[in-house]
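Enquirer: Chain residues, written in single-letter form:
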Amino acid sequence: MIKGIIIVNNSGKPRLVKFYQNVFGEERQQSVIRRVFQQVSNRSDSFCNYLEGSIPEWGDNIKLIYRHYATLYFVFAVDAQESDLGILDLIQVFVEALDKQFENVCELDLIFHSDRVHYILDEIVMGGMVLETNINSILQAINDQERMHKQSIKNATAGKSDSVDAISTKLGASRSAW
Amino acid sequence: MSSQARGLNNFITDLRNAKSKEEESSRIEVELAKIRKKFNPGGGTKLAADGSNPSLSSYQRKKYIWKLVYIHVLGYEVDFGHAEVLALVRSKKYGEKSVGYVALSLLLRGSDPVMGGVIDTIKKDLTMAPMTKVGGGKTSSKGGGVKNDATQCLALCSLANISGLELIQAMHVEVQHILVSKGSTEQVKKKAALCLLRLTRTSPNLISGRIFAPHVVQLLQDKHLGVLTSVMSLLNGLASQQTEEYGVLIPNIVHILSVLVLKKDCAREYLYYRTPSPWLQIKLLKFLQLYPDAIEGHDIGMGGNDHVGQLINVVTRIMFETEVSDSINKSNADHAILFEAVNLIVAWGTTCPPEMREGAMNILGKFISVREPNIRYLGLSTMAQLAQIDGSVEGAKKHQATVLVSLKDADISVRRRALDLLFVICDTDNAERIVDELVAHLVVADASIREEMVLKIAILAEKYATDLRWYVDTILKLISISGDYVSDPIWHRVVQIVTNHPQGDLQGYAAATLFLAVSTHRCHETTVRVAAYILGEFGFLIAERPGMSGEEQFHVLHQHWYNVDTQTRSILISSYAKLANLYEECRPLVAPVFAKSKNSVDVEVQQRCAEYASMREAFSPEAVEDLLREMPPFEDKRRSALELRLLETEGENSAAVTKASTPSEVEQQRAMLNAQMMDEGMAPIDEQEEPELEEEMADGAAEAAEDEKIAAVEANPTLVGIPKDLIPAMRKAFSNLCTSPSGVLFENAMLQVGVKHEYVGAQGRISVFFGNLHATALHNFKVKVDQPDHLRVQMQGTQGLIDDGEGDEGCSIENKTQAKMLLLVEVTAPFDDAPSMRITFETEEGERHDYPLRLPLVATCFMEPVNLDPGAFMQRWKSLEGQDRECQEVMRLPPNSSGIDEEYMSRVSNIIVNGLKFGRCEGVDPTPWTVSGAATFRTGAKDVNGNNINVGCLVRVEANPKANAFRVTTRTLHPLCSKAIKNVSLVSIKLAAL
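Listed in order, the protein sequences are those of chains A and B. Just so you know, the first sequence maps onto residues 1 to 178 in this note's numbering. Just so you know, the second sequence maps onto residues 179 to 1172 in this note's numbering.
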């Protein structure tokens, strides 16, 4: 299973942190993040995307599988049951979903729309297991939520629900890494 | 398109503008205080029953909670606001509910007491009746149906993401119901599956496989690949807990897999870079890996119609038809499946058709030579798994050279895998090569991998050493290259192995090697520890070798005394005690160390010193002897400390651990050999040339020793060797005989060995007499004389006496009679040792005796004096200057000797002239304090012109009466001659002091 997902920028600032195998206490969580960042940021981009390490909070035999996109490291900590390459693909799916949602996503989107990043991740990974890998389906779920969200805010300015649909039609446009 | 509140955005912007960590945290403090105030204004404001502030608007509440979430992600502690989170969760509005659930899973944990209050809400959301799909029309199912779905999803999601929520374990019934219910949408089903998995993870056996398996069959019919993927995750989780219950599903799984692989039948949106849902394929293959004997006993023809045939087809297709793609993502996806297929073959092991295993090995062989690091990494890692199947290691060994390249990769992850694979493919054939490569690499390896390498090298060297001397050498290299990473278990193991293998000359070899290793002033502390232990135990085996006397052993060890910690000192102290016990001359050296360290601050050091120092007064000599005796062999544990250490670092499933715990062939042989010896009632015999070349012994302990009854070699009472206390006397006798034509070489209560020898040029005639001093006859009496390369030997003697290796009976010597042996020798080359002679016999009482001795046949026996005038002597002396031609050593006489006077010098002169057979060159000795001489070492070997080859030798002894010391310098054309003459001179001069 996936023990945790950490998105951290090049200077070690966490942008998204999700613990599926819980680590209690901010102090310990931050120490995990620091340790992960230290190990990952020391590696050249020409190295492989795997790092066998031990994060005591998660146990001895965990592997860090990560991808480095521009200013961000996407790090998944997994146990031996996961397929190494499968997780790399999953990171790619996550990033592509973000890319579709934010149109050329960048670090700022993760900062200012952390709520939506959380929602998207919840559609991809749940309880440390892969939930969905079909980007259409992921975004559809997000859009549905968004629509309901807006409906439920009676006093909010009525957003055009078409705008969300417009995004989903752009699917498959840019799949390159950013 | 921001859905976030402006206040939140402003707050985030503020934080991003913070110049320092301090500024950021003070901004956060302000914000937290503000939010706290908003949540609980105090004063007149009344809070709702659940503790939340009813006066907050929905917008405000969400905003503040998001701020808390954001602050939490930044790593600050958030310990309030729980009531507001719960208020959001309870809200009827989806917008509030969703925020509430996200915050719930991030800010709270299952064991929080407030959680109790939210259980009912979660349960209600969970069981919310889905809208029945009326006619399947799109419009009718939208509105409320989607909303109910979404709420259910939120509840499922939070159940799955909050861990430690014991209270909600009971909800598995509802979750299970949702999962199998026909009314649930795909979105809900897949979340229900994962949620259920989560619940069974924390409490296994929640679900009985027998009852649930049929439901899974239903679920596997689903056409939605997202649902299938989640269901497979659940199934894999369940099946790993109750493997047998789900075995019936194999045909269903194979069917799904073959649709994906063979027919490529897959909804378009689940194609990931044109590959049909790789995640689902991976999960299907992972499920099959749980059943290693799935194909056992089946007819594995390619065309088989049953599911096994189909499965083989699928795996073959994956293995051989995966194309190399330019797109990194496409190639990742395809290879992910391919690696799982290989893992399946690994799981099948020997039940898998060999051609598939070979195919897999070839594919991996290609992978480990590509540049793309991920594929190479996984290739190495998978090959290590595959190589462990019986019969596959040979295939992997072909790639040894490629693996060695990866061992030098810049990437630590790749290096680790390469190291692991090398470890797995190492066996007796290639151990030396691999270990040497690893040791060579250790020199440049960086710190992160050193410890692991050292441990693995140590295990391999032990496992596959055909010659344990190589093992000892390897460990010493490890210590000198990276001593800080050589943990205690590693060097303890060396000591154990040396102690437990008395066969061959391992113990002597280890002692000599370690002696040299600690001779240099700079050596690692671990080397000192090993050396201290080994020399303490087996130093006596080498005490007769030139330059390795007990005294010298003490000096090389003691030079490190001030640089080592107390643990090492404790070991040194025990070794000193053993040295002092064996060698009289060590006692005055050791005593001050003990006296001084009695006041050490370290309790261990203090205690050892005090006890060893007073041992002689407190106990009888026999008891002291007993205390300082060699350690008995170590118990052979099933798992060595090294294996345990490996287990600790790598876990039970690691390839390396499995390998380390299986004994190798050589190990088994060694164990058998040891066991045999025990069975036959024979202690492992040390074939090491036991005693004597030269060496001092300062006092009259020899006489006392003569009467001493021979002590039994401890491991076995029926085999008797030379007792240690006899050794000083034997040494003295040997040294005497080197310079005199006849004498007694060995004597104890049973046997006396006498020698008479005379020489002409390169030839000698040696008679050896064996006299029975025992009350009864000695039977099966045999003598085996070593025939070194530098001597041509002819032997004759009493019938049966000479052991020619054909296992004859040997002769019997009646009491008070002698057996005789005559040796005719011719020397053919310079040498610096003496041939060994081994005597074995049995008494009528059934004791077996075994005495390894040496014949006093040293280089100086073959000298012919040369008389030179002073000018010629000095000319030759100068011409022979140079490192390997000269040998020099300073020797201090024992403090209790009478001192150097002119009478002593005349004895020295006598030794040089009559003992060593040198021509004295008095002209170059202006004072009485020097003696110089010249001689020719004659050999029977011919040069190209047919003349005998001779070596000219010069010696010079200089005395320093004030310092009570001698300096002996020898210069010859041959280094061995220089060394031999120096050794014999030193010993004889020292003997002359008595």
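These are computed hints drawn from the structure, not numbers from a lab. Keep in mind that this is a model prediction, so the values were computed, not measured. Every residue, glycine too, gets a C-beta built ideally from N, C-alpha and C. Accuracy of the hints is not assured; some may be wrong.
Unchecked claim - Looking from chain B toward chain A, a few residues come up when the C-beta cut is under 7 Å (computed): (1) Asn-188; (2) Asn-339; (3) Leu-372; (4) Gly-404; (5) Glu-447; (6) Tyr-448; (7) Leu-556; (8) Ser-798.
Enquirer: Decide, hint by hint, whether the structure agrees.
Expert: Each hint, compared with the structure:
{"no.": "1", "hint": "Asn-188", "result": "11 Å, violated"}
{"no.": "2", "hint": "Asn-339", "result": "6 Å, holds"}
{"no.": "3", "hint": "Leu-372", "result": "5 Å, holds"}
{"no.": "4", "hint": "Gly-404", "result": "5 Å, holds"}
{"no.": "5", "hint": "Glu-447", "result": "5 Å, holds"}
{"no.": "6", "hint": "Tyr-448", "result": "5 Å, holds"}
{"no.": "7", "hint": "Leu-556", "result": "6 Å, holds"}
{"no.": "8", "hint": "Ser-798", "result": "54 Å, violated"}
Violation of the numbered hints given earlier is confined to hints 1 and 8; the remaining hints are satisfied by the structure.
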